Amino acid sequence: MSSWLNEISSVLLSTLRDIAPILSIIIFFQLAIIRRPFSHLKNLIIGMIYVIIGITFFLVGLDKALFPLGAMMAEQLTSDSFIQPSTDQSISIAWRDYIWVYVFGACIGFATTLAEPSLIAVAIKAQQISAGAIRAWYLRLAVSAGVSFGIALGTYRIVSGTELYLFIIAGYIVVIIQTMFAPKLIIGLAYDSGGVTTSTVTVPLVTALGIGLASSIPGRNPLLDGFGLIAFASLFPIIAVLAYAQLTEWLAHRTQQNPPDKGD
Amino acid sequence: MFKVKNKFFRQLIDSVKDLIPIFAVIFVFQIFILRQPIPDLGDIAIGTVFVVLGLTLFIQGLEKSLFPIGDNMAYAFAKKGSLFWLMAFAFSLGFGTTVAEPALIAVANEAARIAAEGGMIDLSDAAKTSYALGLRYTVAVSVGFAILLGVLRIIRGWPLHYLIIPGYIGVVVMTFFAPDTIVGIAYDSGGVTTGTVTVPLVTALGVGLASAIQGRNPMTDGFGLIAFASLTPMMFVMLYGILI
Numbered sequence: 001m002s003s004w005l006n007e008i009s010s011v012l013l014s015t016l017r018d019i020a021p022i023l024s025i026i027i028f029f030q031l032a033i034i035r036r037p038f039s040h041l042k043n044l045i046i047g048m049i050y051v052i053i054g055i056t057f058f059l060v061g062l063d064k065a066l067f068p069l070g071a072m073m074a075e076q077l078t079s080d081s082f083i084q085p086s087t088d089q090s091i092s093i094a095w096r097d098y099i100w101v102y103v104f105g106a107c108i109g110f111a112t113t114l115a116e117p118s119l120i121a122v123a124i125k126a127q128q129i130s131a132g133a134i135r136a137w138y139l140r141l142a143v144s145a146g147v148s149f150g151i152a153l154g155t156y157r158i159v160s161g162t163e164l165y166l167f168i169i170a171g172y173i174v175v176i177i178q179t180m181f182a183p184k185l186i187i188g189l190a191y192d193s194g195g196v197t198t199s200t201v202t203v204p205l206v207t208a209l210g211i212g213l214a215s216s217i218p219g220r221n222p223l224l225d226g227f228g229l230i231a232f233a234s235l236f237p238i239i240a241v242l243a244y245a246q247l248t249e250w251l252a253h254r255t256q257q258n259p260p261d262k263g264d
Numbered sequence: 265m266f267k268v269k270n271k272f273f274r275q276l277i278d279s280v281k282d283l284i285p286i287f288a289v290i291f292v293f294q295i296f297i298l299r300q301p302i303p304d305l306g307d308i309a310i311g312t313v314f315v316v317l318g319l320t321l322f323i324q325g326l327e328k329s330l331f332p333i334g335d336n337m338a339y340a341f342a343k344k345g346s347l348f349w350l351m352a353f354a355f356s357l358g359f360g361t362t363v364a365e366p367a368l369i370a371v372a373n374e375a376a377r378i379a380a381e382g383g384m385i386d387l388s389d390a391a392k393t394s395y396a397l398g399l400r401y402t403v404a405v406s407v408g409f410a411i412l413l414g415v416l417r418i419i420r421g422w423p424l425h426y427l428i429i430p431g432y433i434g435v436v437v438m439t440f441f442a443p444d445t446i447v448g449i450a451y452d453s454g455g456v457t458t459g460t461v462t463v464p465l466v467t468a469l470g471v472g473l474a475s476a477i478q479g480r481n482p483m484t485d486g487f488g489l490i491a492f493a494s495l496t497p498m499m500f501v502m503l504y505g506i507l508i
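Those protein sequences? They're chains A and B, same order as listed. Heads up: the first sequence begins at 1 in the numbering used here, then just goes up one per residue. Heads up: the second sequence begins at 265 in the numbering used here, then just goes up one per residue.
Hint data in this document are derived by calculation from the structure and do not stem from the laboratory. Take these hints with a grain of salt, some might be off.
As the list claims (entries may be wrong) - Dumping the calculated BS3-like pairs for lysine-lysine here, alpha-carbon to alpha-carbon at most 25 Å: (1) A:Lys42 x B:Lys343; (2) B:Lys271 x A:Lys42; (3) B:Lys281 x B:Lys328; (4) B:Lys328 x B:Lys271; (5) B:Lys343 x B:Lys328; (6) B:Lys271 x B:Lys281; (7) B:Lys328 x A:Lys42.
Keep in mind the model is a prediction, meaning the values are calculated, not measured.
Taking the hints into account, I'd like the entire structure generated from these sequences.
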């Protein structure tokens, strides 16, 4: 019990320390530059307390319930005793041996992104602004699918040892081409969704996976090859959200062009 | 009172739904793939309650405080009409929220270790500390600059991709000149800069500005601040690697 209390108070302190600079900037600009008191001050304070306690509870819970288990699993899945590398001498590293790592990466990337608080915030805002044209839930699903694919590909890259920048450059080219054809309304949101996917929940688990993988494969340096998964997890959601918008537009277009189909 | 409670419970159920996939993935892999029992079930159960409550409270607080703050400040600055103070606010918000970000501190220390082992800097602790500190300030300045540029874009109404695509090209070109050891860290630093409090605040600020300024569309012009904040750190960190 006391370990929980210790944990809560230390997480609460570090949350307060994170929020302090943000709050002081806001208060300074509001009072010294805008020179008006905050409206609905009581609500703001209550809301801020909710945010601080919410983040604290969220992090303490993750630390106690999920991260140790998730990190341990990432370690076990990438260990030699689980993978039993093929004895075939003709291929030094068989990428197929690591198939469960890619599957785990994909699943955990999808699941953690769905629970990412910053993504929920952006999705709520997008739904409000678009008057419901963009559904928060579908947007989050699209982003999660992107992260899922990104992590799977990123773990494959660590195993195969391909250069990071080749994938990133190819990804950028896809984004640029999609940008030319995607509906203009979605572009800002799509670009933003790359940055919001990787914060509280996803980063620790994904980092454990990358470092575990890079240390178990001969010839990989965990310090060099363990990085890069976050980059994948930020790039592919952009592609996924743009694709989602293109698909929605295309479907809407098709039903508009063939009104008789409506009766089916 | 009843209505408030009702909303809270609805949000609580939503949070449970949001978290089910993580638990499903971990349990299925642990039991069926790794074939091992789940340790410390008691801790996991209490932890789960914490996570669900925390997410619920955060989302309630979001709509009560972070969104309105971002919105109101956007409107106040738009009404005041002082570009200089808005830019100053944008820069401080980006810089201030990033410089103390724990994820960034972790990445900067890691980068200093790699640089020391790679022989780019001295192995001494002092050299590593100053390298890590330099990197942190580099990223923080880059995020401040990103929010500033993003706000300027919203005011001027420049299309987002005119700025982002050259940014991508810049990242790619710099990749060829930056030392190999820093490239992975630079790419990852784009993802670690945007924390849970910053994102809603900055999003509300951008959307609020785009709604307050005539001729801007909140949907096309309001988003994009986070995108800048993820892009500029990559370029600044590689530049740091090239210069040091």
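Consistency of the hints with the structure:
A distance of roughly 24 Å separates the Cα atoms of lysine 42 of chain A and lysine 343 of chain B; the hinted pair therefore holds under the 25 Å criterion. With a C-alpha separation of about 19 Å, the suggested pair lysine 271 of chain B and lysine 42 of chain A falls inside the 25 Å cut-off, and the hint holds. Distance restraint check for lysine 281 of chain B and lysine 328 of chain B: the Cα-Cα separation of roughly 22 Å lies within the 25 Å cut-off, and the hinted pair is therefore satisfied. Between the alpha carbons of lysine 328 of chain B and lysine 271 of chain B the distance comes to roughly 13 Å, so the proposed pair stays at or under 25 Å and holds.
Proximity of lysine 343 of chain B to lysine 328 of chain B is assessed by CA-CA distance (about 23 Å); at most 25 Å being required, the pair is judged to hold. Of the supplied pair hints, the one linking lysine 271 of chain B and lysine 281 of chain B holds, its CA atoms being roughly 15 Å apart against a limit of 25 Å. Between lysine 328 of chain B and lysine 42 of chain A the alpha-carbon distance is near 10 Å, which keeps this suggested pair within the 25 Å criterion.
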